[in-house]
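With the hints as constraints, model all of the structure from the sequences given.
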Amino acid sequence: MTYTWLDAPAADVAATARTLLGWDVSGNGVRVRLTEVEAYAGTGADPASHAHRGPTPRNRVMFGPAGHVYVYFVFGMHWCANIVCGRDGEAAAVLLRAGEVVDGIGIARDRRPHASDRDLARGPARLVTALGLDRDANGTSAVDGTGPLLLTPPVEAVDPARVVAGPRVGVAAAHDLPWRFWLADEPSVSVYRRHSPRRRPAPR
DNA sequence: AGGGTGATAAACT
DNA sequence: GTTTATCACCCTA
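With UniProt numbering, the residue at position 89 of the first sequence is 89, and numbering never jumps.
What the hints contain is simulated information worked out from the structure, not anything from laboratory work. Glycine is no exception: its CB is placed at the ideal position from the N, C-alpha and C atoms. Possibly wrong hints are sitting among the right ones.
[As the list claims (entries may be wrong)] DEER-style ranges, computed between Cβ atoms:
id, residue 1, residue 2, range
1, D7, P113, 36 to 46 Å
2, R135, P65, 24 to 34 Å
3, P113, D176, 21 to 31 Å
4, A161, P55, 24 to 34 Å
5, F75, H175, 35 to 45 Å
6, D176, N28, 18 to 28 Å
7, I105, D176, 32 to 42 Å
8, A11, T56, 41 to 51 Å
9, R135, P113, 21 to 31 Å
10, D176, V74, 21 to 31 Å
See below:
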């Protein structure tokens, strides 16, 4: 399968993020319709991006071909998934922030037993849990069916008038860049929270 | 509704 | 040693 955004340069990552709204992502028996994403640029271009300071062992798949999955671990307990954008050698990615479970809801409920249906994929770490992903998905393709994740175009086209843009959630840097995109009036969109600085543990 | 905070580990400086 | 693209839970209204 080939899509036009797979050939887009990394500089177009914000447009690609918009494009991916309304797409379905399926993994391990659960299908989610994307309602919220964020764009992250490459080396030097975006202080909030993991690729900002160049390639490292963690972010190397961001520098690979588009359509692959970049999975990373945050806060000691959560996994988050991105779709890599840009040409091979360029770094950019779209963070999958939230979606609505449209298939396999029973499985999704089992994976997060205490959440309401609306919350099952509301937030990047919850979305990853709903899809049953972990580090094994890192570096796999999300467009050719060889990996655990598969992206498919919207069944019903998204009305561009419903797309809203704003600052990214929880990021410490580039707070003024409106690179978070979501669909208006979707209950599965995560609530906005500004980055809150961590305090050091109190000395004893 | 909204704000604060503890949990907990890896990557990076 | 410091930071972190989060979540769940507890508090005040």
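Exercise. Taking each numbered hint in turn, which are not upheld by the structure, reported in ascending numerical order?
Worked result: 2, 3, 4, 5, 6, 8
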